[in-house]
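Here are the chains, one letter per residue:
Protein chains: 2
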Amino acid sequence: MDKILRVNMSDQTTRLEAVPAEWAGLGGRGLTSTIVAAEVPASCHALGAHNKLVFAPGLLTGTAAANSGRLSAGAKSPLTGTIKESNAGGTAAQMLARLGIKALIIEGMPAKDAWYSLHVNKDGVTIQEETELIGKGNFAVIEALEARLGKKTGVLTIGPVGELKMTAANISVKDPDSKIRSHGRGGLGAVMGSKKIKFISIDDAGGPGIKIADPEKFKLAARTFAKALLAHPVSGEGLPTYGTNVLVNVLNEAGGLPTRNFTYGSFEGADKISGETMHDVISARGGKTRHGCHAGCIIQCSQVYNDKDGKYLTSGFEYETIWGLGADCCIDNLDDIARADSIMDDIGIDSIETAVMFGVAMEAGILSFGDSKEMLRLLGEEIGKGTPLGRILGGGAGSVGKAYGVTRVPVVKNQGIPAYDPRSVKGIGITYATSTMGADHTAGYTIATNILNVGGYVDPLKKEGQVELSRNLQIATAAVDSTGMCIFVAFPALDIPECLPALIDMINARFGINLTGDDVTNLGKHILKVEHQFNIEAGFTKEHDRLPEFFNTEKVAPHNAVWDFSGEEIDEFWNF
Amino acid sequence: MDKILRVNMSDQTTRLEAVPAEWAGLGGRGLTSTIVAAEVPASCHALGAHNKLVFAPGLLTGTAAANSGRLSAGAKSPLTGTIKESNAGGTAAQMLARLGIKALIIEGMPAKDAWYSLHVNKDGVTIQEETELIGKGNFAVIEALEARLGKKTGVLTIGPVGELKMTAANISVKDPDSKIRSHGRGGLGAVMGSKKIKFISIDDAGGPGIKIADPEKFKLAARTFAKALLAHPVSGEGLPTYGTNVLVNVLNEAGGLPTRNFTYGSFEGADKISGETMHDVISARGGKTRHGCHAGCIIQCSQVYNDKDGKYLTSGFEYETIWGLGADCCIDNLDDIARADSIMDDIGIDSIETAVMFGVAMEAGILSFGDSKEMLRLLGEEIGKGTPLGRILGGGAGSVGKAYGVTRVPVVKNQGIPAYDPRSVKGIGITYATSTMGADHTAGYTIATNILNVGGYVDPLKKEGQVELSRNLQIATAAVDSTGMCIFVAFPALDIPECLPALIDMINARFGINLTGDDVTNLGKHILKVEHQFNIEAGFTKEHDRLPEFFNTEKVAPHNAVWDFSGEEIDEFWNF
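Residue numbers (our numbering), protein chains in the order written: chain A, 1 to 576; chain B, 1 to 576.
With the rest of the complex left out, here is chain A (with noise of 0.2 Å):
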């Protein structure tokens, strides 16, 4: 039977719980939101000790389903202070699937000044003062971890940025090859820091496994989803062959790639750090064009990205953070750039966010546009050391501008808006303006149907669609967030008939269920729903769904655009 794990840090108790009813049927981002919209009160300081922090492997995680291996974490964001869901790769998610554990609840907060770690096992968790890792970059907790528990050990960590309960701070998680995959956004890794818990580690030994309902039902399925994944010319190619910064030349022509802190749409250095020009230069150093960021993903957008002298530099190297670093900061150094993702896994900081607060940090006279050198001390020497500078930068685009009077910020409810611009991509505008998750390109992508041609075609320039648009992918996006899928199974899923019933046929084998497709969707809609409400509670309004003024009022080259919804419009969002 799976069970929930709950850790109190006040009193040090753990306790194996079961499932109640109405947790049954979730998983991932349905059962994480869930749970703090249970028991976390809205109001509460998110580092304070009421705020909880929550694991949930997805409803088809530890399965042999393509693409499944996704981890939600979750808790009210100190980045935010809205409810917050970031899910991310990595073999953390498998392991506690196969051990029967279908959520980890860390409450309260030690009394004692002391660091911890949580280990879970077969047996349930343990947790235990830490003293020899505190102050450690993430490379070295999880090199030590190996050491002390054994190559295949489980690994979830933040780095120094999370100690410091920084609020751009992430979760790493331990990725197939020792790397680091991240629950990036929303300053989690803030919230563990928080409960003074440097790490958690895994061992799946001798847990129950996974149990399938139906093998034979599954496996058909499974065939099926896969040969969809395989058969879109996103999922099947465009990103194994250039991973998702295949988008940066994309979004370059479309003119929806933000470039000097948001002033400009199109970037003059796109060629130099676009993905075709990685695919050469990692193929050239002998790296991996290809590679995957957990057991089962056959799409591998990820990579191994080595230096001119073929030395291993980072992995996990996406768009979002090449657009921000590169584009948006005016850098056309892909090497430069891959060094910085490299500091970012290690001391543990957001790479989304991060990017977007250089942008800013630039336009406040910090550094300079482009001076990729000074980038590279202050994320090593300043965040990464904790100095009154590094907290500032820390603390993301918002922290940046607030300190320095900045007025073109481009975040929404404080969180860093990425790699598209809404004012020439306005379906992705209506869901930076309307996620309960504070601006986030994958709660609702719609450039997919604005930009890529997939699930039809919407004039990302034009008013038209964008609301319906932008509401129907957040509602699905949801529900998938909860399967435990990769974002990306979405392209075949919009496209190829047989992806999205060969999905939910999947999840009704593995727990001998009959969902329809109008579950699917009502289960998206009322994750989106609980989440709002917990928002509201936590005061948001309608007014919290706005973009910042200047896109209302800086027009955008090429196409000269602005954002040019009404708050009316905007708000038609949550009619369903």
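Chain B residues, not near chain A, derived (Cβ > 10 Å throughout):
(1) Val125
(2) Ser283
(3) Lys555
According to the in silico footprint, chain B covers these stretches of chain A (three or more CB under 8 Å from chain B):
(4) 160 to 167
(5) 184 to 198
(6) 381 to 389
(7) 396 to 406
(8) 538 to 548
Don't read these hints as lab results, they were simulated from the structure.
We put the CB at the ideal spot given by N, CA and C, even for glycine.
Please build the complex by placing chain B on the supplied structure of chain A, with the hints as guidance.
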């Protein structure tokens, strides 16, 4: 005829406008809040082109009415995000009133990267580029302007903190002795800095002066009013003798003196920083125990505080500053607090926000509790110079709390909670929670009735009657803040039957109208509702009318009281 002066910094134009009929009966806070609500989009960036900075003398300012010389400054606050009115003494209010200027409205933002000054005289207002005084402290600005324009020139100025747009920046006003009074709260100095205005000089020569519709009636009423002020034990005795700092011992006795960042309710070193001690020190060193912040003040709660060599150190040395740097920071050295007060005047930062901030900074470990030497260094060398640490500190208590992950952060709507613990003086907690301005004791000073037995008595430790008390006082205060009267007229107005009618008679005699007491109450209600509506449009809800979580959970000695109002109970405030 009174007029409106409008300055547009975007196109560098100025206009003299007739007073619209709907603004004719308004002055001070009533007028600034009405103009801000009417002309500033609630959702705008407070440091952007769409915010406006409005100055307005009160309805009685410039007349011979005792204590009527206060100036209101209004804008959207960059600290709180709410509407903001902050009023101050000094000479500017009366000069503007005598020039017939009902309001000075500063809007837009210069395109050019340059600094400016405004000069107001009988012909209107002119904009000039300024280079010489940029970067200078407020004392140097006043000295230079007196040399440039004559000893009598009126001055409104910002220090380096305002130039750097830190959100605790204040606007300084020259007082009758060429020292400084402040529009302290809410970061209005940053708004002035965002408009690139270093100072405003005022020459009232040749102005139309003040016309009194019924001089005889006015004279009689003014006499009654002044008599009441002098007859009341607080305004006629306590304040003139000991200044506002008379409250240290009073609040310490009451267990409501927040100590060590709101950890305790009384301070061991209280006697060393009390008003009584201060009175003796001032007397012994040849300072002045009585001093008015503007001509016509008969309460004279200000003072001149000299150092041990008899040299001027500071003036306008208020209880809230002394409490904050004293008890809340565990500093029992009045001379060091006076030095800090003088630096804050010079660099132009709110001494309440900054005092609360230092309590949080000490809790964060940036400096130790009691370390006045480091506090002085941080003020002068970090905040005054705008270093990264200085910018964190200059952003106020909330800024430090966010940057360092502190959970005991005494703010409401991001504004520091002053000088009275809401757990042991519950009425003021209702004011902090519900004020349209963020935490602000002056918005509805329940200390009068909770502690000083003025206007009756409501037990500070019980919940009963607090909401009604705060509501009545907030309504009355909004009206009083519109007259140009010092808030301390409330003491006699609450206790001496002929005081309030005399105040209303003066307004009627000044304008030849017939306001009743009900009219004045309705004006107060109207102002609160206009301000509240602005805040709602800016995204504030009842969830923001709450005190920080720690007040609910941490008991404060000696009464071991917690904040025990439910949200519903607090929300009763708005039922009027």
